[in-house]
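Participant: Here is what each chain is made of, one letter per residue.
2 protein chains.
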Amino acid sequence: MTEFIAPGTHHIDLPSPFPMKRGGELHGARIAFETWGQLNEARDNAVLIVTGLSPNAHAAVNEGNPEPGWWEAMLGPGKPIDSNRWYIICVNSLGSCKGSTGPASINPDTGSEYRLAFPELSVEDGARAAHEVVRALGVKQLACVIGNSMGGMTALAYLLLHPHAARAHINVSGSARALPFSIAIRSLQREAIRLDPNWNHGDYDGVHYPENGMSMARKLGVVTYRSAMEWDGRFGRVRFDSECREDDPFGQEFEVERYLEGHARRFVHQFDPNCYLYLSRSMDWFDLAEYGDGDVMVALAKIRIEKALAIGVRTDILFPLQQQEQVADGLRASGAESEFLPLDSPQGHDAFLVDFDRFGPAIAGFLQKL
Amino acid sequence: MTEFIAPGTHHIDLPSPFPMKRGGELHGARIAFETWGQLNEARDNAVLIVTGLSPNAHAAVNEGNPEPGWWEAMLGPGKPIDSNRWYIICVNSLGSCKGSTGPASINPDTGSEYRLAFPELSVEDGARAAHEVVRALGVKQLACVIGNSMGGMTALAYLLLHPHAARAHINVSGSARALPFSIAIRSLQREAIRLDPNWNHGDYDGVHYPENGMSMARKLGVVTYRSAMEWDGRFGRVRFDSECREDDPFGQEFEVERYLEGHARRFVHQFDPNCYLYLSRSMDWFDLAEYGDGDVMVALAKIRIEKALAIGVRTDILFPLQQQEQVADGLRASGAESEFLPLDSPQGHDAFLVDFDRFGPAIAGFLQKL
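From first to last, the protein sequence lines stand for chains B and U.
Residue -18 is where the first sequence starts when you use my numbering, and the numbers rise one by one after that.
Residue -18 is where the second sequence starts when you use my numbering, and the numbers rise one by one after that.
Honestly, I wouldn't trust all of these hints.
Given that identical chains are not distinguished, each listed pair holds provided it fits within a single copy or across any two copies.
[Stated by the list, open to error] Cross-link-like lysine to aspartate or glutamate pairs, in silico, DMTMM-like; alpha carbons within 25 Å at most:
1. Lys350 - Glu101
2. Lys2 - Glu306
3. Lys2 - Asp229
4. Lys121 - Glu306
5. Lys350 - Glu318
Derived from the structure by calculation, the hints contain no laboratory data.
Okay, chain B solo, but in the shape it has when bound:
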């Protein structure tokens, strides 16, 4: 009931069993993906996109699905990630509910949904699963791995675990490890879901569904995805029409409150709460330093690629700019030609999803030089 699979999404089967980093294994698991463009004869023009927590594999219009995707402005013919040149693969994360196997999927061993019986999920598991897609598609070596937000973590894990699997990397508002402010925010989001009596230790259905908890988690997400500066200009202190307001001194009154409510309503039933918990926790656990004797820079220096670009936004409070700078510095130490590009977008962490005037040329420029 809680899988949300876009039409035209393809799948590969993961090796079965698929062992998980923190213990346990998956049987009969699969990964959803979509593609744009054509793999060339040398099989070396592929670009892999790994995503943030919530997107599906439908990043843009393609043959299988004419609906606009979540990164429509960024990929396709003639776009910054140009499908006339690149064979673009976008993968839905392991643990998600958008076609890949996750807590909302049926456990073939029991015939019912995994829910909390799903093994603990790591970013590294998602990276290994994405690599299975790339391998299944016959790609010899990726031209570039692009990772956004959580995908920035996945991409670094991918590159570290699969040496020489890619020649280049673009890290978009990502990081090499989770830091305490972000952990705290995600911890509160999870707490909101878990405190909802309808969450019921993961055993909800469409009728008894942790709507309030998901709504609170999403609103808190949106607050931290954007920036105070943007909101000052966008909402100020504007109130919405009083006839639409709740008759309650604590009810919604300001436009910013209604904006959050709208975001929450759109999200609540579009993402499975248990999947949300698993993916959210996987980010907290992610620390590339595990591969560098406790030192992120040592771990980054072990990555073998030729070129890298780390982009971030000054107003991002969730994956702050210093984290992208660290990625760029660390990859430079690995021998890569590595660039750090701080952008002035006012939209905070979410800027890569909306500020195409800045992100488009940055990504296009890097890819053109490959």
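Since chain B is already given, all that's left is putting chain U on it; use the hints.
Facilitator: Same frame as chain B, now just chain U:
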């Protein structure tokens, strides 16, 4: 049951009825306060402190109460706000539950607690109530009004509504109006309380108490009161001992999660949930621009004082530095000798409660020049 009155706290009775800005009136209401030092013969050496949302009137040790107060390092003999020179008055906000009348107090008209029958609360109501204390104590003119956080709003309302009531003002991490990011955070805090089934539309008791909602609200507060930078250095990715952890993949594991939990536990039963809702909403509603034809600067220019200092902290995301700069600029336009002092404290909005190395000399230096 839900009033928390420190020993040695004094009270004055507000005029009865006491009309409220947004409608309704209070009967038999009172305001709690404490004092330090002596009023001089000219009755012009008084300093008024108006507080943030949660503090009581016990800012420091005094004759009535030997326990340390919430601003212990800042006031007393020889301290930055020197009780050898100044007659210091700290007022517990109207609407609070720490001795002043608020939603947790008994409504004399009904004999039971106000709860949600308390009239809508404005920052301006709190300012007028604080002025009644000052008047009752025989102060001719305040030497200075010091307002922290919400108190920074209260102080500006006080100065605007009572021309020439004070000669100077220190605005500490305050603002002249609420902006959407802060409104959004407070809206989520209130939603957390209101969603708790035990809140029960304000009709809880000590047994059925909205503990989870208050805990979530407090944690979200603490996240936004401090700064990511401080937490990176303080917590990093440290885990607490695994034997203390909950047996749950989503249970607390990182020190930062335990820190939030500790803060929440200490707060939950120390502040009345309905009072929290009322005071929180009063901040959202506050907009000095109402007194300046929609323009904050016009309103600030109407304030009549001689000297002003607006202090803030670069890492404050709740009352960002630009808001203190605006206060300083606006008061300068009113003819005051006005100084803006941005500080580099890493502790965010809460810095004034902990970073005495920076705040102490700043406030002492300003007061010495009066």
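Participant: If any of the earlier hints don't hold here, list their numbers in rising order.
Facilitator: 1, 2, 4
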